[in-house]
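Whole structure, please, built from the sequences with the hints as guidance.
What follows is each chain in one-letter form.
Protein chains: 2
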Amino acid sequence: MFNNVTIVGVGLISGSFALALKDKGYAKKIIGVSRTKASTDKAIELGIIDEALPLEEAVRQSDFIYVAIPVDATIPVMKQIMNLVTDKQIIADAGSTKFVLCNSLADHPMRKRFVATHPMWGTEYSGPEAAVRGAFKDRSCVICEKEKSDEDAVSLVEKIYKSLGMHIAYMDPENHDIHAAYVSHISHITSFALANTVLEKEKEEDAIFELAGGGFESTVRLAKSSPAMWAPIFMQNKENVLDVLNEHISQLRKFKSCLEKENYEYLVELMENANKITRIIK
Amino acid sequence: MFNNVTIVGVGLISGSFALALKDKGYAKKIIGVSRTKASTDKAIELGIIDEALPLEEAVRQSDFIYVAIPVDATIPVMKQIMNLVTDKQIIADAGSTKFVLCNSLADHPMRKRFVATHPMWGTEYSGPEAAVRGAFKDRSCVICEKEKSDEDAVSLVEKIYKSLGMHIAYMDPENHDIHAAYVSHISHITSFALANTVLEKEKEEDAIFELAGGGFESTVRLAKSSPAMWAPIFMQNKENVLDVLNEHISQLRKFKSCLEKENYEYLVELMENANKITRIIK
Chain A
1 MFNNVTIVGV
11 GLISGSFALA
21 LKDKGYAKKI
31 IGVSRTKAST
41 DKAIELGIID
51 EALPLEEAVR
61 QSDFIYVAIP
71 VDATIPVMKQ
81 IMNLVTDKQI
91 IADAGSTKFV
101 LCNSLADHPM
111 RKRFVATHPM
121 WGTEYSGPEA
131 AVRGAFKDRS
141 CVICEKEKSD
151 EDAVSLVEKI
161 YKSLGMHIAY
171 MDPENHDIHA
181 AYVSHISHIT
191 SFALANTVLE
201 KEKEEDAIFE
211 LAGGGFESTV
221 RLAKSSPAMW
231 APIFMQNKEN
241 VLDVLNEHIS
251 QLRKFKSCLE
261 KENYEYLVEL
271 MENANKITRI
281 IK
Chain B
1 MFNNVTIVGV
11 GLISGSFALA
21 LKDKGYAKKI
31 IGVSRTKAST
41 DKAIELGIID
51 EALPLEEAVR
61 QSDFIYVAIP
71 VDATIPVMKQ
81 IMNLVTDKQI
91 IADAGSTKFV
101 LCNSLADHPM
111 RKRFVATHPM
121 WGTEYSGPEA
131 AVRGAFKDRS
141 CVICEKEKSD
151 EDAVSLVEKI
161 YKSLGMHIAY
171 MDPENHDIHA
181 AYVSHISHIT
191 SFALANTVLE
201 KEKEEDAIFE
211 LAGGGFESTV
221 RLAKSSPAMW
231 APIFMQNKEN
241 VLDVLNEHIS
251 QLRKFKSCLE
261 KENYEYLVEL
271 MENANKITRI
281 IK
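Going down the list, the protein sequences come from chains A and B. Quick note: the first sequence uses the UniProt record's numbering, first residue 1, plus one each step. Quick note: the second sequence uses the UniProt record's numbering, first residue 1, plus one each step.
Hints are computed from structural coordinates only; laboratory data are not their basis. These figures come from a predicted structure and were not determined experimentally.
Below, a list of computed lysine-lysine pairs in the DSSO-like style, where the Cα atoms sit at most 30 Å apart:
1) B:LYS28 x B:LYS148
2) A:LYS29 x A:LYS88
3) A:LYS276 x B:LYS42
4) A:LYS261 x B:LYS256
5) B:LYS276 x A:LYS224
6) A:LYS24 x A:LYS137
7) B:LYS276 x A:LYS201
8) A:LYS201 x B:LYS148
9) B:LYS88 x B:LYS137
10) B:LYS146 x B:LYS88
11) A:LYS238 x B:LYS256
12) A:LYS137 x A:LYS28
Structure below.
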């Protein structure tokens, strides 16, 4: 469907996306752009990209440009790309925050060639080695400000995501960022904090963690996530993340108070309420 | 190896244990004891137990009695069992707390027939339907106060756990409870609290959680766990759980402060420190 596709960033998301584009026959050639030569070398070796080029050159050669880099870097890079593209090219991003980005690009004359997307899939790993086949399946992809993008651009991007097995949700950037804080960003913060809690203890006592089992592993695995990727997300979504974090700390304090006061009944009530999460995750 | 084995409680742990005993050829007949007829009926239907009997009758008929019920109920039930057994019988429990139980049983004349164990495996599900084949594999099993149990009892219990693929760790009950607070109990509390955080938000806005993806699911899945099982654990291990919970809240506050003050560098530092968790979980 495309001749050349450029992915900016050759990591977990862009790499998995590139593999899918190739597998589904959407791209003849995939060009990778990265500040780090080691990353593009690795991506070529892994068959994720066909060649590495500097951004300008890559954009000129491509029908479709997909940007998946830390959200703070996305803004200047996206402006640079928009300054280069024509009415025939399509751009999309995959960032975990949408409000600041959409606002920054709102007045650009080529805004209509850009589709603001957030495919809600990921793992705790990063870099080209983290890219996997079959990613994105059965997950949601949020598209923001659909009305600000050209119809041909939106429908092509939707078609790609749908063919990867994603269902599309439309949201304005503000709402996206609120929801992302609740269903993704807070989980990462609690995992990071839980890891630090346990590592603090580890300083005191060696070798106690041979016990760490399945429950611990699943609540803490996101603590392995990349700070370079996540710190800018938390910062850009600061207000919403702080709202959720304050609520979460106050929920933890309820548990604390139950234990301190040995209020067994209220403790059970808190847990029974938490059980209702099966409404959201089966 | 045994003729008859009794499991007290016919749920996730005891059920999975019973299935394993049968599969490994350790038991000819498994007797189930439960306050709830629906549970033993279900356990018979699922092939977990061969018959259901009242506690006294079951204990009299059994070579080995395995108790996996909420930790507050374990103490009186264990005393009742100890009052019934002879020198030929072996008892073990699977409880997630060890200090209060071991102390309560310390002076019982049949203490030596009891092995205090905690196989560190579980899922967020409960009841006989939650029992699975192949459970326990590659996980740790803690045995406490090994020296207070008869050698034949300890070595048989060890042999069973090892044959399920578990590695045995020896600890005194105090240390077990500290470590369990860090590697298991806190994960459950953070999950319960995270679920409540998100459900609090859900009250305000409908249908936002179609977005909930993999990261969220893994940090919150323990929130589906049984309050009847976990409330007594938190209560019995109150002091240790409060220590960890206080540390965890203070770690979360560090993230909060970074965001409030836009201290990007310290935020990255906190996350890089959290990344060291790969030392503990690969």
